[in-house]
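Protein chains in written order, with the numbering used here: chain A, 195 to 574; chain B, 748 to 951; chain C, 31 to 413.
Hints may be right or wrong, so weigh each one.
To be verified - Distance condition first, Cα-Cα at most 25 Å in a straight line; then the derived DSS-like pairs of lysine-lysine: (1) Lys375(A) <-> Lys272(A); (2) Lys460(A) <-> Lys428(A); (3) Lys460(A) <-> Lys945(B); (4) Lys272(A) <-> Lys374(A); (5) Lys460(A) <-> Lys243(C); (6) Lys428(A) <-> Lys753(B); (7) Lys272(A) <-> Lys428(A); (8) Lys460(A) <-> Lys375(A); (9) Lys167(C) <-> Lys69(C); (10) Lys460(A) <-> Lys272(A); (11) Lys753(B) <-> Lys460(A); (12) Lys428(A) <-> Lys375(A).
Unchecked claim - Between beta-carbon pairs, the in silico distance windows are: (13) Ala290(A) <-> Ala371(C): 49 to 57 Å; (14) Glu190(C) <-> Ala765(B): 33 to 41 Å; (15) Asp791(B) <-> Thr216(C): 41 to 49 Å; (16) Val284(A) <-> Ser822(B): 37 to 45 Å; (17) Val473(A) <-> Pro790(B): 56 to 64 Å; (18) Pro854(B) <-> Pro486(A): 22 to 30 Å; (19) Ser286(C) <-> Val284(A): 26 to 34 Å; (20) Pro486(A) <-> Asp927(B): 57 to 65 Å.
Calculated from the structure, these hints are not laboratory results. All residues carry an ideal CB built from backbone N, CA and C; glycine is no exception.
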Amino acid sequence: MVGDGPGDRAADGPEAGPERANAPPTPRREGGLSRRILVVGGGVAGMTAALEAAKAGYPVTLVEQGPQLGGALAGLWKRAAVRSPFRHPVDTGVEALAEAVSTHPGVRVHRSAGVVRVAGAPGRFTVVLAEGNGARVAGQVGAIVLASGFRPYDARRLPELGYGESPDVVTQLELETLAKKASGGPIRRPSDDAEARRVVFVQCAGQRSRTQGHLPYCSGHCCLASVKQAMYFKDRDPGIETLVLHDDLRTPGVGGEDFYRSAQEKGVTFVRARVDGVVLSPGPGGPVVSFPDQVLGENVSVEADLVVLATGMVPVSGTDSPLPWLPREARPTGIFAAGAVRRPMDSSEAAEDGAGAALKAIQAVEKAALGRSGPSPFRS
Amino acid sequence: MGEGRKDYRGDFLAEVEARVEEGEWVKMCMQCGVCSGSCPLGPDWEHPPHEIFQWIRANRRAEVLGSPSVWMCTSCHACVVRCPRGVPVAHVMHGLAHYAARLGLAPPGQPTRRLAERFWENMTRTGRVNEPRLALSLLFANGPGEGLRTALRMKDAGLDLVRAGRLSPLAALAGDGVEDPAGLRAVLEKARAIELAKTAALED
Amino acid sequence: MSEVVATTRTILVVGGGISGMTAALEAAEAGADVLLLEKGASLGGWVSQLSRGHPTLCPPARTLEDELRRLGAGRLRVLTRAEVVRIDGQPGDYTATVRLAPPAPREVGNADRSGDPDASPDADPDAVPNPDTGERKLRVKAGAVVWATGWRPYDAAKIEPYGYGRIPDVVSSLDFARLADPLGPTGGRLLRPSDGREARRVAFVLCAGSRDKNHLRHCSRVCCAAALEQAAHVTGHLGDEADVTLYYVDIRVTGSLEDLYRKVRSDPRVKFVRSKVAQITRDAHTGSPVLHGVATEGGQRYARVHDLVVLAVGMEPGVPGDALPLRLVTHAGGFVAPDPANGAIFAAGCAAEPLDVSRCVQHATVAALRALQVVRRVGGVEG
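Make the full structure from the sequences, and use the hints.
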């Protein structure tokens, strides 16, 4: 038998009671295995993992180091379309997700908190949380989802692309901040708060490159992100000029090509130009972007008033190295990585990955209840 | 930017979208090159279609409208049926050529342009193409000497056409036409006036 | 253990490829009752056919073999030669009508890993075989359905200018996978179909049918990486003799697959031509295929002879939108959309969108979770 009903042990877990730091772990009740799932990280992957596990009937504790849920997704103005006809940027849905997580009776959220200690095995992990006020909370969980996300690549490593030289050279995430500030109104460039009317996107900035300090891999989401961001401008005013400089434009999958087509319909111009040929220099009205145009076969210079660098993702996995990304299941077992800590991915995929990790965590709990950890435990 | 050039400004693209037949398709090109590879006259283009599309986006007005390339299309439509974006490439090229001619920017002496103009003159006179007359006017377009030499070189083909009933020398004298050629010309004149009105305000 | 075939607490998984197997196993390992139906005679789907040719993209150690080994789980039953022809009902209470082809569907994956004997579909006493066809009909209950009917290759013959079916040495990427398979018909030698000579000059034509309004509107995602892997296979197989060309518009590989791309790109035996091939003809003298087009970088026109041309064909849904056993909300290409209107029918893997193997596994795991949530609600406390 699988055991007792899901959710009926909501009482155990880290919130069982505060205790002094370094106190011995709460003794496990006789035969008591925890069905509680600890989710570390309150971004889209972590929130989705928490909510989905709770919906399946498991008690969840979500720990977010910041004061708010939302993670990187909360920093976005919109996200790329996720449904047919894949035409327009759509709301991120982050507020609704955070609300659903916060109000679900099966989820306990610890903000401004971190995990300081983990010990044990599936079904009987002892974890110690550090709260923002310095208090430590210890308790038991059955499985752990690690969704610590990513940090943006440090664009200061790209002076050749003008980052740090001109305030009007920004990363994609910084453009999201500008777009959120504009809130549907004119998006203004940092230097003088003037509306950006000629915007150049540079794909693969510091990515797909063997150059020291660059990322060797493709972060996968940035082409679609630039397509989306160019639409921010075109949807507001078709007269704003947007240019996307790219090598391989990567918009795969069921809707990516439709989204790309839609950007062209809206007047976004795509130009084949490899990033290693792109040079930025100061001009009278803003940065001047020069590049070898692969189709025209000539060097071309364009005046921009805002340049957006499509920089990549670096995982937050406890090491400072951009590689390796975490595998799905860490050793010891019962700890499951989810979202951009595993590999670079956009918010849709991170949500999917978070839900998948929730199921893996549920399995770990169920297997522990049967006293097994290997595969095929269910022949009774 | 270069010497006062405004590369990739949207001015010319906007002009093409507003003034050129099917010009609103230019922005949809994805630069795959299948149009250029499909064109039977491809080797004769200075800039094949996919490059013309990018030149328009790059704001190279003089280069595009003065290019002999936009006159190269023979309307075989191989590009149109193969374009993965459904762009009517042939129509766009004709639109650009026509637009350049209206503005007086088309290259002088372009042979395909001359063919098009003579075809038009020939056809609008009676409402039917008079093939022998069209052939003769093209043969002697560069003077009697070259005309005779070309005619002698092509005589076997011409005789074959006559034998096959595809060409009637007598038609050069008579030929047929529509019932009301004057009415047809009035229709065409009206269409021309409408088109010219579209570009009238352009010289700025 | 006396069991009925299925109840409203059962998760019905339709399709026994990598996504269906993953969904079934993941749900079973979370404690659900699962019935996995496969239309064909064996499990494994495309991965079982392609893994030898695509060790990077279909790592058999991590996927198929592993999954097959896990099939013994008691709460998971498998029926092969079982096709779902109709689904009625609503979330928490579906009834699927299943057509069982003769002989009696007993096998599970490999013959030596036969399933639970209790799995025989004898719950419906009215399931009398059709005297003509030997077919039987079976009705099964399910609380939720994972729809994992996978993909099929786009029919290359529909790309008229490429001559598939007319020019013998123009093959599809799936045909090539058979040629490259050491257990395949040529023992892994790249013998071209027309005359059996070993192919040395091999062309890969990407986006054969994908990203094209005339064929498939979408990008099929996997073809670039698959073509790169096949190109690497040719160079590995032929050594210095290899002369490979990839014709492409955009190379779409993400994450660490960039390493594969970089490796192939830096190989002097492999040329990359950025161009959508316009037409393929057959050389009048040698019979070899000739590729025609214009390179968009540099503008050169080419008419290049190859021994063998591989069309990297795209993916379309295995069951087209109009052939689904019930009405579902689909995307334009017929892939099943994640839409609340689809109730507790959850598409997994390539039935939902073109995905590679690792993304199929990821996607199918989520479908399993969604189904699990439904049957947990239906069942209340699991017993």
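We went through each hint and held it up to the structure:
1. Lys375(A) <-> Lys272(A): Given that 25 Å is the threshold and the Cα spacing comes to 12 Å, the pair holds.
2. Lys460(A) <-> Lys428(A): 6 Å, holds
3. Lys460(A) <-> Lys945(B): Status holds; Cα separation ~23 Å.
4. Lys272(A) <-> Lys374(A): 9 Å, holds
5. Lys460(A) <-> Lys243(C): Holds. Lys460(A) to Lys243(C) sits at ~18 Å (cutoff 25 Å).
6. Lys428(A) <-> Lys753(B): This hinted pair holds, its Cα atoms lying about 20 Å apart.
7. Lys272(A) <-> Lys428(A): Holds, at about 14 Å.
8. Lys460(A) <-> Lys375(A): At roughly 23 Å apart (the allowed maximum being 25 Å), Lys375(A) and Lys460(A) satisfy the hint.
9. Lys167(C) <-> Lys69(C): 13 Å, holds
10. Lys460(A) <-> Lys272(A): At roughly 17 Å apart (the allowed maximum being 25 Å), Lys272(A) and Lys460(A) satisfy the hint.
11. Lys753(B) <-> Lys460(A): 21 Å, holds
12. Lys428(A) <-> Lys375(A): This hinted pair holds, its Cα atoms lying about 17 Å apart.
13. Ala290(A) <-> Ala371(C): 49 to 57 Å: 19 Å, violated
14. Glu190(C) <-> Ala765(B): 33 to 41 Å: 36 Å, holds
15. Asp791(B) <-> Thr216(C): 41 to 49 Å: 43 Å, holds
16. Val284(A) <-> Ser822(B): 37 to 45 Å: 42 Å, holds
17. Val473(A) <-> Pro790(B): 56 to 64 Å: Since Val473(A) and Pro790(B) have Cβ atoms about 35 Å apart, the given range 56 to 64 Å is violated.
18. Pro854(B) <-> Pro486(A): 22 to 30 Å: For Pro854(B) and Pro486(A) the Cβ distance comes to about 28 Å; the hint holds.
19. Ser286(C) <-> Val284(A): 26 to 34 Å: 29 Å, holds
20. Pro486(A) <-> Asp927(B): 57 to 65 Å: Cβ of Pro486(A) to Cβ of Asp927(B): about 58 Å, so the range 57 to 65 Å holds.
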